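Colleague: Residues per chain, in single letters:
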Amino acid sequence: MHLVYPVVLAALLFCTGLYGVLARRNAILVLMSVELMLAAVGLNLVAFDVWLRDELRSGQVFTLFLIALGAAEIGIGLAIVLLVHRERGTSAVDRLRELREPRGTPRPAPGEPGEHPTP
Amino acid sequence: MNALQDVDWPALGPPLIAALAAVAVLLADLFLPPARKGLLGGLAVAGLVLAGLSLLPLRGADRATFCLAADPGLCSYRADEFALTVQLIVLGGALLAALLSLPETGPASRHPAAPHPASGKAAAGNGAAGKETPGTGAPKRDASGTGASGGAGEGSLPGGEFWFLLLCSACGATLLPAARDLATLVVALEITTLPAYALVGLRRRGPGPEAALKFFLTSVTATAVGLLGISFVYAGAGSLHLSEIAERLPDADPRLATLAEAGVVLTLAGFAFKTAAVPFHFWVPETYVGAPLPVAGYLSVVGKTAGLAGLVLVTTGAFPGYGGLWGPVLAVLAACTMTAGNAAALRTPAAAPDGVVRLLAWSSIGQAGYLLVPVAAAAYTAPGDALGALLGYALMYAVTNLGAFAVAAHLARRHGARRLADYAGLYARQPGTALALAFFLLCLAGLPPGLAGLFAKVAVLRSAVDAGLGPLAVVTALNVALALAYYLRWTALLFRPAPAGSPAPPRPVPPLAAATALCALAGAAFSVAPQLILGLAPGVLR
Amino acid sequence: MPDYFHGYAVVGLVLVVGVLFVACAFAAGRLLRPLAPTPEKLLPYECGVDPVGEGWAQTQVRYYLYAFLYVIFAVDSVFLFPWATIFAGDAFGGVTLAEMFAFLGFLAVGLLYAWKKGVLAWT
Amino acid sequence: MTDLLLRLGCVLAAFLVLPLLVGQAEHKVMAHMQGRLGPMQAGGFHGWAQLVADGVKFAQKEDIVPAAADRRVFRLAPAVALLPYLVVLVAIPLGPDELVGQSLDAGIFFVLAVLGVGVLGSLMAGWASANKYALLGALRTAAQLMAYELPLLLAAASVAMAAGTLSLPGVLDAFHWWWVPWQLVGAAVFFTAGLAELQRPPFDAPIAPEEIIFGAYTEYSGLRFALFLLAEYAGIVVLSALTAVLFLGGWHGPAAGRLGWLWMLLKTGALSFAVIWARVAWPRLRADQIQRFAWTALVPLALAQIALTGTLRVVTA
Amino acid sequence: MFPLSETTLRLLLIAVLALPLLGSGAALLPAPPGLRGAGGPERDVLRHGVTVTGAVLAAALLLAAGFDHGQPGRVQAETDVGWISALDVRLHLGVDGISLPLLVLTALLTFLCALHAYVRPPGGGDPRAFVALMLLLECGTLASFAVLDLLLFFLAFETVLVPMYFLIARWGGAQGTPAGRAAGEAPDAAGDPADPAADPGDSAEDPADSAGEGTPGRAAGGAAAAAWKFVLYTVLGSVVMLLGLLLLGLDGGTFDMVALAAAHGEGLSHTSQLLAVLAIGLGLAVKAPMWPLHSWLPDAHTAAPTTGSVLLAGVLLKMGTYGLVRIALPAAPEGMRTFAPYLGAFAVAGILYGALACLSLVREGAAGDLKRLIAYSSVGHMGFVLLGIATLTQTGVNGALFANIAHGLVTGLLFFLVGSLRERTGTTDLDRLAGAAGAALYGRSPRFGGLLAFAALASLGLPGLAGFWGELLAMLGAYQPAEGLSRPAYATFLALAALGTLLTAAYLLQVVRRVCMGEAGQQPLPDLHAPEYAAFSPLAALTVLAGLCPALLLDLTGPAVRGLLAGVAG
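Residue numbers (this note's numbering), protein chains in the order written: chain P, 1 to 119; chain Y, 1001 to 1542; chain C, 2001 to 2123; chain S, 3001 to 3317; chain F, 4001 to 4570.
Chain P extracted, bound-state conformation:
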């Protein structure tokens, strides 16, 4: 089989995943998009492995590892999302702002009392 088909498929998968990561607000969907990206990588690796006729089968072995990694990531990720959802009632990434950098603490303007403490 020609290498192009799986690689193009993987590229499409990856781009879909990347789009999802960038465009989705729901944390679960972002998570799923990431998994899509990982799947694309796995496909890539297997395809290259077969194409290269790697005697060590590195690509396939690595893909197995990736599957395990992906599973672990999903496990932890879902746990975190659920926790956030329970605490905040939302899993939309852009609504989580508690930890944002505090912006522009108002400073007394020149001339206002308080800037020059008079002894």
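For the record, the hints were derived by calculation from the structure and aren't laboratory data. Model, not experiment: these values are computed from the prediction. The reader is advised that the hints may include incorrect statements.
Heads up, incomplete: computed chain Y residues facing chain F, CB under 7 Å, no partners named [claimed, not checked]: (1) Ala1459; (2) Leu1461; (3) Ala1473; (4) Gly1535.
Straight line, CA to CA, 25 Å or less: simulated SDA-like cross-link-like pairs of lysine to any residue [as the list claims (entries may be wrong)]: (5) C:Lys2116 <-> S:Ala3287; (6) C:Lys2117 <-> S:Leu3259; (7) C:Lys2117 <-> Y:Arg1204; (8) S:Lys3061 <-> C:Glu2040; (9) C:Lys2116 <-> Y:Val1023; (10) S:Lys3061 <-> C:Arg2033; (11) S:Lys3061 <-> C:Leu2032; (12) S:Lys3057 <-> S:Glu3232.
Just the calculated beta-carbon pair ranges, DEER-fashion [stated by the list, open to error]: (13) S:Glu3211 <-> C:Ala2102: 38 to 46 Å; (14) Y:Ala1498 <-> F:Pro4463: 50 to 58 Å; (15) F:Leu4462 <-> Y:Ser1502: 53 to 61 Å; (16) S:Leu3308 <-> Y:Leu1027: 19 to 27 Å.
We put the beta carbon where it would ideally sit given N, CA and C, even for glycine.
Following the hints, complete the assembly by docking chains Y, C, S and F onto the known chain P.
Modeller: This is chains Y, C, S and F only, laid out in the frame that chain P set:
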């Protein structure tokens, strides 16, 4: 032909002992009666110490294991000087972070009914569904916003899970610098970071989960991108062993040249994230603020060192032929990273809640920038010297940064809001603590009497000058001056007279005091004899 | 290599046949069956009671735990299969046995942990 | 080419006929065990055509899609539930000497993987129905699948270890009679877990009519409902055949050269009978009992079986 | 004078460096029972400071005495031990004719400062910290004159930063800025910790901000802002200098100053010489300070306590010029030659600028601060030093070194005097001090007034006093600059510098007029007392001595300079 690999078990000692300690803690947590859960911390610390001691017999040796039966030169694990030094940093960092955590991990048995499952947070009480409505969520948010908005002091960490996760992460970080093929490298990296997500969110109330989520999503995306790069590299080189890649990638099929270059860049991007380089640095302050303080310290040192070690392995180990590609990229990254980190740290207001953690977070980004300088320099010179500078700097940074975190953790026991202003007058009340913190900060700033920091910075700059990276050297130098402003500002605060009516600092607790003393001692030793950390010559990575 | 793909080509063919079969069945069904929708008929069926609320209200996050356990163990067992085919090779001997027990030990620890933590007990 | 077409035809035929046989057998066996006669009218002789008649009836029923449902997913679900069984049948050997739809290198792996897809059909159905009982049933299905997939995999892995191959014909080639006692625990685990995956009694909490109407299939009617039923019986066939191949020697038996296919069918039939028997003999387990059984009984047993297999294999080698 | 063995000299030099360091650490510890005096721990620690600095001074004098004056060009008392092999850093110490006077000057000034602090304990906080910081500062300054390794030089350069910062920020006062305070304000408030204006933390809210606009009009947080400005300027300079040092060391193949000086830039490409001199020169020029980079100095001086001002003017500024002579001049002669005219131009600009700024400060109604005025005058004086260096001639460089020392003595004395003046009158603001009529110190406190006038005259370069020779030699050097340098340009510099001396004389005489003269009959002020005599008389005496016997110094520096200039001249 013997298909079996000879496994050099002693060489595997550090990660292996860490992993075994993790399992031991997990099992002990299950069977210890609630009253004696305190032993878990001791067990974890002992495991880390033991793992650190297992480095001793490996000194000076260059041992490799998990080699291919067909080609004994091709190994997946190599305990050379680079690996051992990074392992030392990682284990030491983890040990210090563990000491910092000791006072915060209480007996997990305070809620006997509430189970703490494997991820440490997945359990839902049976009535959990009711909590999902925003109505009940809102007051909680308010409470955490007006009160001590930091994670500090809001309940203790669940002991068993915390130590297990910490040890797991340390195990991964210990494995990472010794990995010599991309699969091992990636797996080690993930073992390092996966428990870290859980650690960040381990305290379920407060901002922990949010921090964990942000950390997680960004990190996982970066991992995916990096993995895509690795798959391209694999296509070009036909192997995952670093040295094979180094040999074969430049001679790859010309049709694959672009693919290989894209792979190099993407792989770098993935690892750059782990070191919190610009533009992948935005998660750092938020994550540090939301995480328990010891975990933030852990991330800032161990996580960063691990990521950096990965970056070094990939750049100098696998892509030495592409120095012209990644050298400038890393140089620009380093410059941007330090500038962004220092500029933001400079803006941190003294009165803002969590200012301390935010400052430390931004400063750690700035420091990451300095740490990237030698890596970039390694593209242009013999990598040995540059990596020596890198390791020296990393050692210095680990000791002093964790020392600063130790003092911050100490003060956070009384000042939950973790404001910079809380440090005013510390010298008048606890001179020892104040002097130690001042020393750490001056080390980080690179000013005498923090000679360790000074010489580490000199070494970094030297590597840049040596590599002919003049502009980068200038930017670095200017950043050193910039960073000085906020470090010195904090230092000055310590010696300021204590404001009337401010609460007295908390009484020292032994683990924190021990951690502070350890860091101070190590820092002092490195200051008197900088050759201890700067004499490392890891040579060319194979 | 061609053989490898050939095997799965047949599988794909079977799948196509299956899809055709289902499609034919639906097409035939469409010709045969009546179509007379009413609003009542299209309501969710709850044994004659008008539906209230949504399904998620009753959902327990607890199910997630099983998913998590599954993912851990199933992914672990993925590693078992490639290993299973070669572990009894001549050169390995007791080493693979030790490996196996290490592997089983990990699984057992995980199981023990879940059990001790009360994940497997349903109140 | 003709060979290929023949094989395909046979697989399709088996897929269409065997489940019906099992279904009819269930009607009759259950009835007799409960002291009834079962269907007697359709077709004349002991109601042999009852299921055919059922099929015709289903095809004529209105196909209702609830207004709130996710229409596309709702309609697709039955096909997703059914097709994996058809695909799996390809890889199951009927007799020696390539008497199999298609011999695959990674047969065990393939079969288990494809079977995992089947449950997706139930989940899709439960999700798309917009019915809380359906959703609850789907979630129970998912939980159950996850709990039992693991012992299933482990038990199958034990066989793969014993045979040193993942190919199903390869397993049968390596078979010895003493495998049966050796892998007995594994066989029991595999069969039980398979039963649970099929949501057959006593593991039918996901579709328990007394609690949640009909679980994920509550909103289905007509042909789509029939397909779900067909999937259930196809599942019984596949499970029995797989158990027979993996643990009972498949076509092995006296005069296997000529009568291998018969032995295989007999073993499959006997196991199918056991499935039906279980439905009559045991009361339904509660959802929590189902979970506990999986994690505290089957998984440790499967692990023990792997340990036993591995040890014996290495020691005897 | 009397020869000491090389080993003794070596030990003496090490003692000179190590004593303050050890003393600094010891100052933070509680006094041992045997050393506890009656005055309580505060007096104890201040006495400790005097003891240590006294010991250092003694060691330095002994070193100077044992120094082989027959061979001042040779590095003596040399210690060379490896330290950080990875960075090629060696503990290479030694003194020659250039560094010896500076070393002694530093030890002397610090001792006098310690004495001054013992008599007048500094307000503003813990004296333990004060003494520790002062000793650390001494250690850093001494080290920068004694080390012969580029990176060690950088280290010593940086060492002075933190102590100086704290001295200014914590013990300094903000009262010096014009229009800063209301007239009736109690002078003691200057260093009061409760005073928010003097509080470093206050402006620590935003150091960059306050450092950026630390204009004289800004009163609040003056000390802290000034300290920030000092640190930021110096650090910026020193990191740039570090780059230059690294370039020099890496391209030259060694970080050893002696070896680099002996090589006279051989093996260094023209480009790297240029870059190295540019970077090193920038860093040192900030410290020196050279004209456009001087703006931290007036603020720092004004805000610093007496000790800080004295050490800053007397010692710290010398580190910049010393570095130029010691490193840039011999190691990168080509680069130096390229930049010399620019250096000269900036130097002359500094001379004129300093003089004009002083003139404007001394005007009536300008609310000029005396400390600020002396600070600006320092800019002018250091301009002469830089001009001397820029000539690249023996005469010029010798003059520069002489002016260096002279400026240390005279300006140190001036700052001491102004500090005492503030203690007496509560202000250093010329207008408040003198008003329209003059402060009439001659009448109110004759000896004090006389000494002030003496110092001012020394500062303006009256022949027979220390200030004269340095400026004269620098100008002589400019009259005939080194070969290859544009003569007309230097002639212009010469002319402008001469104009500068005139202006200097003008403003200093004005100062004398306004401060020392005036209507009689005002309330008398306390005259000099014994401790002040002890503190001021050595400086005055040395000023006279240097003015009368310049050969004492020039004999020391001359041969050493000849060695350094070999690359430029040859």
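Colleague: Identify every previously stated hint that the structure contradicts and give their numbers, smallest first.
Modeller: 6
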